[in-house]
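Under our numbering, the first residue of the sequence shown is numbered 1, with each subsequent residue one higher.
Keep in mind that the hints are not guaranteed to be accurate.
Taking lysine-lysine and the DSS-like style, the derived pairs with C-alpha atoms no more than 27 Å apart in a straight line are [to be verified]:
1) K288 with K220
2) K74 with K85
3) K181 with K220
Across the chosen pairs, the derived CB separations fall in these ranges [said to hold, decoys possible]:
4) E180 with D82: 31 to 41 Å
5) F286 with K39: 25 to 35 Å
6) P251 with Y291: 14 to 24 Å
Treat the hints as calculated values from the structure; they're not laboratory data. Where is the CB? At the ideal position from N, CA and C, for every residue including glycine.
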Amino acid sequence: MSSKALLIGLALATQLTCSWAQSSAKPFAFGLWGDMPYKKAGDDAKLPAVLQSINKSDIAFSLYDGDIKDGSSKCTDDVYADALKMFNTLVKPVVYVPGDNEWTDCHRTNNGGYDGLERLSYIRKVMFPTLNSLGQTTMPLEHQGKLGEKFVENTRFVHGGVVFVGINQPGSNNNLIMSEKECKNKSARDNAQCDASNAEYLERDSANVAWMQAAFATAKAQNAVGIVVVTQGDPGFDLPETEELDESTDPAFSGFRHFMSKLVEQTEQYAGQVLFVHGDTHFFKFDKPLYSPTKLLPNFTRLQTFGSPSLHWVRVVVDPASANVFSVHPVIVK
1 MSSKALLIGL ALATQLTCSW AQSSAKPFAF GLWGDMPYKK AGDDAKLPAV LQSINKSDIA
61 FSLYDGDIKD GSSKCTDDVY ADALKMFNTL VKPVVYVPGD NEWTDCHRTN NGGYDGLERL
121 SYIRKVMFPT LNSLGQTTMP LEHQGKLGEK FVENTRFVHG GVVFVGINQP GSNNNLIMSE
181 KECKNKSARD NAQCDASNAE YLERDSANVA WMQAAFATAK AQNAVGIVVV TQGDPGFDLP
241 ETEELDESTD PAFSGFRHFM SKLVEQTEQY AGQVLFVHGD THFFKFDKPL YSPTKLLPNF
301 TRLQTFGSPS LHWVRVVVDP ASANVFSVHP VIVK
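Build the full structure now, drawing on both the sequences and the hints.
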């Protein structure tokens, strides 16, 4: 990432987002959802109930943490058009964070053998049509990049004493390709495309870290009680239930390590609460996985959202007067 881009990112950290940033520090609720709908899982019939549930709730807005389709269907243009229609059925603002199924995995032969970087470019042009959120009611967002250009998908806003940041860090190891075998496995990619993907990973990872650091700078400058970091990919943690496996050291999660190490550094230097949200693994989880199963990073909490075929969502209540700031409520949609 260029020094100019980094300076722009840090400068944005001092900005406010109009009236949304000026909300009084009163309790409010927001929603989290993602990894849906998957047509092959029969999700289309279940999706309307989820959207209706979100619309009937008291949330101020929602954030969608990626995967607008399943991982074994084609990445055709209509998939993104359908996702925009889905988001715009919501009455309240919704912020979209990209997932792996809509770009990093599109190289797969069963996805149509697309160039994943071309699909990422398409997402940047189509899924972020304005500087505002999606939804029937919109709210202003700060973006790391200009409309249609690199890193426009990285967003930030402030509401009710909390900083929210969306970051394009998807599954499939954050688009990092570890070997020629991995490059060609069930894929239409050639070596040149895999080299280009790894170069993209390095550039975006640096940009992601800078954007995340700028969000923490905003939180500190405004004395924000909390920060919510939303990505799609499961970054891997050393979990107590997998005693013989530390996912954080697995090469399959190596593409997340630089960002996560910098997120830990920022969390350590921040007095408020950090809620790290991701999807990708498709089952609800709410825990404190850092630093390790036996060593706690007290102000870091992970929330993993539901995903296909379990089409549910999560309502989070923010109470600035509470020591924990965030209280989490799974919403089971019948």
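Hint by hint, here is what the structure shows:
Distance check on the hinted pair: K288 and K220 sit about 22 Å apart at the alpha-carbon level, within 27 Å; holds. Proposed proximity of K74 and K85 is supported: the alpha carbons are some 18 Å apart, at most 27 Å. Between K181 and K220, the direct Cα distance comes to roughly 45 Å. Violation of the 27 Å bound is thereby established for this hinted pair. As the Cβ distance of E180 to D82 is approximately 35 Å, the hint placing it in 31 to 41 Å holds.
Taking 25 to 35 Å as the suggested C-beta distance range, the pair F286 and K39 conforms, at roughly 29 Å. A hinted range of 14 to 24 Å holds for the C-beta pair P251 and Y291, which are about 20 Å apart.
Of the numbered hints given earlier, the model fails hint 3 alone.
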